[in-house]
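Chemist: So the sequences go chain by chain: D and P.
Residue 26 in this note's numbering sits at position 26 of the first sequence; the count goes up by one each step and never skips.
Residue 1134 in this note's numbering sits at position 134 of the second sequence; the count goes up by one each step and never skips.
One should not assume that every hint holds.
Rough simulated footprint, nothing fancy, chain P against chain D, three-plus residues with beta-carbon under 8 Å [said to hold, decoys possible]: (1) 26-34; (2) 37-47; (3) 50-61; (4) 64-76.
Derived by calculation from the structure, the hints in this document are not laboratory data.
Fair warning: this is a prediction, and the values are worked out from it, not measured in the lab.
The beta carbon of each residue, even a glycine, is placed where N, CA and C say it ideally should be.
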Amino acid sequence: MNPLVPESPSAEGLMPADMQVMTSSMLRMPSPLRRLGTLTVFFAAASTLASLLPMGSLWDGTLLAMIGLAFLAGFSALWSP
Amino acid sequence: MVGTITPVVYGASNCAHWYGLMGIYTLAQTGGAATTGLLFGGAGATMRRLYSWDRPEVLAAIGFLSLIGALSDLKLLPFTVPSPSWQVPQRWKRFPPVAMAACYGFGIGLGVATRIPLASFYVVFATCIAMASIPLGMTLMALLGAMRAVTVAIVARTQPASSNAPTRLNAILAVSPLIAYVDGIALSVIAALCLCQLVRGLFASQ
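Bound-form chain D, shown alone (with noise of 0.2 Å):
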């Protein structure tokens, strides 16, 4: 028997079933409008320090904001369909 198969009926994928219940309690994302403000917020607080730091270390910030990134990426694929 291969060992990494689900061994019983509860180890199997979502069902149909357990599809809607997710979906009725999945959280919701706030207003568009309220987006909007957060985009905005986050741009203008990252363009204030940014335009504060010298160009060098700006740089190599955004080097580290781009690792930090991938770290992002790879641990949201978790809610991949």
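Mind docking chain P on chain D? Use the hints.
Modeler: Coordinates of chain P only, in the frame set by chain D:
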């Protein structure tokens, strides 16, 4: 992914066997992602020889792509990012355990063959190309692949201890909009960092 991969990997009862298979899965996924990084970095290096570009062009490309990605992840655009529809085949589950873990790991690890959930993937891909550096591309993608595998491993390892496995999976899946929200915010910060540098560079050169 959590709904399909987790049941597959938590069937192993032997702890050492589980760690062995999960290790193969993680290595294969990291290797798959590094392969994509090699291809993107190599393509970027080749293109850079043909069409020379420098830091301002890199900042502009990543900055604008990140901004579009942030708008897309926050569902502020009338469209979502394009994504391949192919999914790893179910028949791979019939392979011997080691081959199955390696195949699923590599296939998913490539990143470009299966569904792309969020715009941050495209920004990482674009960075690999724009930086035109094979080591940097491979490192970025390997980090993405390793993190992707480790996240699945953590969920899979703790899943059998849960009293109600499907409910736990539902709870994990229910926070999906929050993940997109966080991703959108991260992309907006990166867009700001890139575009601010671009503007400062333009003013400094005048």
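Chemist: What are the numbers of the hints the structure violates, in ascending order?
Modeler: Structure breaks no hint.
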